[in-house]
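Colleague: Residue numbers (the working numbering), protein chains in the order written: chain A, 3 to 279; chain B, 121 to 434.
Heads up, a few of these hints could be off.
Short, incomplete list of chain A residues facing chain B, as computed with Cβ under 8 Å [what the hints assert, rightly or not]:
(1) Leu70
(2) Asn74
(3) Arg107
(4) Phe114
(5) Phe120
(6) Tyr130
(7) Gly131
(8) Leu164
(9) Lys266
I should point out that these hints are in silico values taken from the structure, not numbers from a laboratory.
Note that the coordinates shown come from a computational prediction; the quantities given were computed from them, not determined experimentally.
Cβ coordinates follow ideal geometry from the N, Cα and C atoms, glycine included.
Each chain, written out:
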Amino acid sequence: MDMEMKMEISESVYKPIVEGDGQAKVDVKNLAVYYSKFRALADINLSVHEQKITAIIGPSGCGKSTLLRSFNRMNDLTPGCRVQGAISLDGEDIYAPGVDVVDIRRRVGMVFQRPNPFPKSIYGNVAYGPRLYGIRRKSDLDEIVEKSIRQAALWDEVKDKLHQSGLSLSGGQQQRLCIARALAVEPEVVLMDEPASALDPISTLRIEELMQDLKKEYTIIIVTHNMQQAARVSDYTAMMMIDDQRAGRMIEYDRTNTIFTRPKDKRTEDYVTGRFG
Amino acid sequence: MSHFAELMDRNRVSRGRQRKVANATMLSLTGLVTALALIPLFWIIGYVLIRGGKNINLDFFIHLPRPLGMTGGGVLSAIEGTLVVTFLAALFAIPPGVLAAFYAARYPNTPLGVVLRFSTDVLSGVPSIVVGLFAYSAIVVPMGHYSGLAGGAALAVIMLPTIIRTTEEMLKLVPATLREASLGLGAPEWKTSLSVLFPAASSGIVTGFLLALARAAGETAPLLMTTLGNERFDIGQIFRAGVQGHKSVFTILWSIVNQPVDSLPLALWKYAQQPYPERVQQAWAVALVLMLFVLIVNISARVWIQNRSRRMKG
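Please work from the sequences and hints to get the whole structure.
Modeller: Structure below.
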């Protein structure tokens, strides 16, 4: 890569917050993530707005998933992974010493790329989280299970077979079950890692509609490869790319509408218009 | 049409014929070899069925062996002995095997994990007679007598590598995101393992148990040096005597495992080398019982797996 490109990246100081748009729920400051010696993310600054959908886009291997997994400290599970900088949730640094990881993971839920229900009943899948946090009474669990499955727009399809295996559902239903499972512990932020990429277009549409409902209560951060999806569902979009040392950097962050119609960075424009990536 | 296309086109017909001939030849060759490979299996099963089937009857299952010269009698002692020894083997092998497998699957690249995997492979290559010798010197000699306990321990060593390897493989097949989903909900590691990882791998793990069990049940050499054989072994009798003597349940169970026991492979081995036709006939019947026992364990393991995976997929 030539000098000009290097310059461009090191100067890519975008505004981490889009002003006048309500409160920041999650605040990322100078985040860098290392896998052993390899720097996977560098200089990430980002403010995620409460009760909005923030999309993270960018070409494969640019660290989108690594960034997403930093929000609930899922990176802790990867051997050799180190995090520098700070991520705060409601102003509290989640990487500060003494912070309870379990508490962070309850407040920041996660939905994965492929539907991954536990080998349990539909009910057992959704009740798994609440049970972890000490809810034992059957009437309480029943209430949480119904509420969560309703929120995930799955209730009518499964209400008569709550005790069948979660794996007996179709792919799209399984993914909504996984969303219900994540919602059951009443998180504040929901992370979604390409939640529809393994689903057919109709199931994808349902997940997208569901996200619009969910943002009334939750702050959603979604990683997606699908430009149309980012444009359709999100309020804010963060564009990421790797620099010449293969570290992922955020090159632009703005309202989705702006990113897709008047991006400031040429590379963002190229990417969202499909000229590369 | 270009020059090359013409060249390539020229031998189209003969090439097609060539391909068909080659296809048919290879297909019949592989089919033939497959059939050849199946012959020993069906031969053994058929032969044992015919020779053993002639000599088998209900008495065979419910009576102790009778002295030579008397007709009738059965191999109850051997059947009971095999059940006792394989049960003990499962009891000794499954808990440590599963835990070791969990360690190997979870921490594959730690020094202990590497050593564990390597020594498991070595252990599976140790001849079973050597395992018998080990159990003899480690258990029979210190205890001063042969016992079902020593036989169970020997078979446990035989089962251990199979259990560790299959359990490890099955745990590794569970998608990483399943584990992450549980940890992502805030579940601790032990809870994730117990209520997500193991249930997801359970059907494969149980198959591993059953296959290891079926293999151990047919072992002769380790039992020769540990259980000795005991044609008077009768659990019912031991129980009755124990109850009449007002012994505790523990004492009764202990006396079952703490004495020499018979077993099917051992009975087969003993009977088959005797010069009396009725014993040889009984050896065939024992072979049939042993074979059916192993086949039933194997087949039920596979059927159970299939039903389970079908149920899981709906």
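Colleague: Determine for every hint whether it applies to the structure shown.
Modeller: Do the hints match the structure? See the list:
| no. | hint | result |
| --- | --- | --- |
| 1 | Leu70 | violated, 11 Å |
| 2 | Asn74 | holds, 6 Å |
| 3 | Arg107 | holds, 4 Å |
| 4 | Phe114 | holds, 5 Å |
| 5 | Phe120 | holds, 5 Å |
| 6 | Tyr130 | holds, 7 Å |
| 7 | Gly131 | holds, 4 Å |
| 8 | Leu164 | violated, 14 Å |
| 9 | Lys266 | violated, 35 Å |
When the structure is compared with the earlier hints, violations turn up for hints 1, 8, 9 and for no others.
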